[in-house]
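Let the hints inform the model, and build the full structure from the sequences given.
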Amino acid sequence: MDDQRISGLIWLGITMTLLPTITVIRGWKGISINRQLPRERIFAGEDVKILVNLENFFYVPFFWVRFSDKLPISYIYKQKQENQVHGNVHFLTQKGKNHSYTLYDVPRGNLSWNYFSLFRTDLFGFVEVSKDVDCRSQLLIYPRYVDVSSSHLYNQYDENNGVSKLYKGNDYSQISGVREYQRGDKLSLIHWKVSARKNNLMSKEFYPLLNQETHIVLDCHKSNYPDEYNDNFELAVSVAASLVNSLGKVHKGIALLFNNKNKDAVIFKSKEYFINDAMKRLALVQPSGDMPLERFISQNYLNQNSGVSLLIVTNKLSDSLIRRMLLGSRNIKYTVYYVGEDLNSNNKYSFIKPIKELDDLKNPKVRSVANG
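Numbering-wise, the sequence shown is residues 1 to 372 according to the UniProt record's numbering.
Note that these hints are calculated values from the structure, not bench results. One thing to keep in mind: the hints can contain errors.
[Stated by the list, open to error] Calculated cross-link-like contacts (lysine-lysine; reagent style DSS-like; alpha-carbon spacing at most 27 Å):
1) 204 - 222
2) 70 - 280
3) 356 - 269
4) 97 - 49
5) 222 - 97
6) 29 - 97
7) 249 - 356
8) 316 - 78
9) 356 - 280
10) 80 - 49
11) 49 - 70
12) 78 - 29
13) 222 - 193
14) 186 - 198
15) 252 - 193
16) 222 - 249
17) 271 - 316
18) 80 - 222
19) 131 - 70
20) 222 - 198
21) 252 - 222
22) 204 - 193
23) 280 - 261
24) 204 - 263
25) 316 - 261
See the structure below:
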């Protein structure tokens, strides 16, 4: 009896020695792990399902393997949650061999993964072996956008000055002012309200907005957006993306400019090129600029000779910049899409369009603030 007990203990000791040794010697030969990302275009705010596949191609099997996948840093900043996803794979039952997890409400930008960490132990749990497997992946998340209502695309001036808009299909034309009636003017061109006020016949003057240049300027001054993930900046990017997609389909004289660190710009070459390239730039842009918006406009448009409509997206307007816009220029027309906090009631003007959320752009009831 004692011999049997001693023999059993010897075999148990041998087993407990061999299994950890085999676990170490076995290594990770034949193990393959990969990450599958969706191929379709993903937009900010959507959910993304990630597939993880783990296979053993070596004749010596594993009982189980545990893996961890570190989440992209930009996703961690936004969600403020744990930074890893874990999963177990049981090779005898094949359970967990094809694993999946979901990233909810993904942020705009480049989601980057670096490596997997793999872990396994011997049968008794005495020895744990780990390995980092290089498996770099990237997924570009595009900014959200909406189709912009025609009432938001250009500046609405006060009717007292005889300025309004005319829309015919995709042709946008805007009254640039009024002049005295000239012989041969059509009756439909007479501005009756201004004529009555001036006691003289006055005719409307139009200029075609789509025949002049339109520049979308996204304010990327870094001091405006102090947080690592800033809701105002994300809204500003989505507003710019909405303008790009709405105007890029019908307007050839369009450009997208940034006052970021690299002073990026996208110029129209073709409809497909402009929209695709602009959306990629908007997917990656960050508030990295050192040049304030006012100085950027001064340097680029101080000596503007040809007509240009500036569509500015920002969350901060200085009094001096507002005065510059109020004084205006015969060659520059300003429209500001303001995504910041409420402007002071004394600083509300017709060329400023307050945007609280992205859907404001497609709601025709939301109008420019009247000149106070």
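Results of checking the hints against the structure:
1. 204 - 222: violated (43 Å)
2. 70 - 280: holds (25 Å)
3. 356 - 269: Measuring from Cα to Cα gives roughly 32 Å; hence the hint is violated.
4. 97 - 49: holds (16 Å)
5. 222 - 97: Not OK: residue 222 and residue 97 at ~45 Å, beyond 27 Å, violated.
6. 29 - 97: holds (17 Å)
7. 249 - 356: Status holds; Cα separation ~25 Å.
8. 316 - 78: The given pair, whose Cα atoms are some 23 Å apart, holds under the 27 Å limit.
9. 356 - 280: holds (24 Å)
10. 80 - 49: holds (19 Å)
11. 49 - 70: holds (15 Å)
12. 78 - 29: violated (37 Å)
13. 222 - 193: Violated, at about 46 Å.
14. 186 - 198: Status holds; Cα separation ~19 Å.
15. 252 - 193: Since the Cα atoms of residue 252 and residue 193 sit roughly 35 Å apart, the hinted pair is violated (cutoff 27 Å).
16. 222 - 249: This hinted pair is violated, its Cα atoms lying about 31 Å apart.
17. 271 - 316: Given pair residue 271, residue 316 is violated - Cα atoms ~31 Å apart, limit 27 Å.
18. 80 - 222: Status holds; Cα separation ~22 Å.
19. 131 - 70: With a Cα-Cα distance of about 14 Å, the restraint between residue 131 and residue 70 holds, given a limit of 27 Å.
20. 222 - 198: Not OK: residue 222 and residue 198 at ~49 Å, beyond 27 Å, violated.
21. 252 - 222: Not satisfied, since the Cα-Cα distance of roughly 31 Å exceeds 27 Å.
22. 204 - 193: Given that 27 Å is the threshold and the Cα spacing comes to 11 Å, the pair holds.
23. 280 - 261: Holds. Residue 280 to residue 261 sits at ~17 Å (cutoff 27 Å).
24. 204 - 263: Violated - the C-alpha atoms of residue 263 and residue 204 are around 39 Å apart, more than 27 Å.
25. 316 - 261: holds (18 Å)
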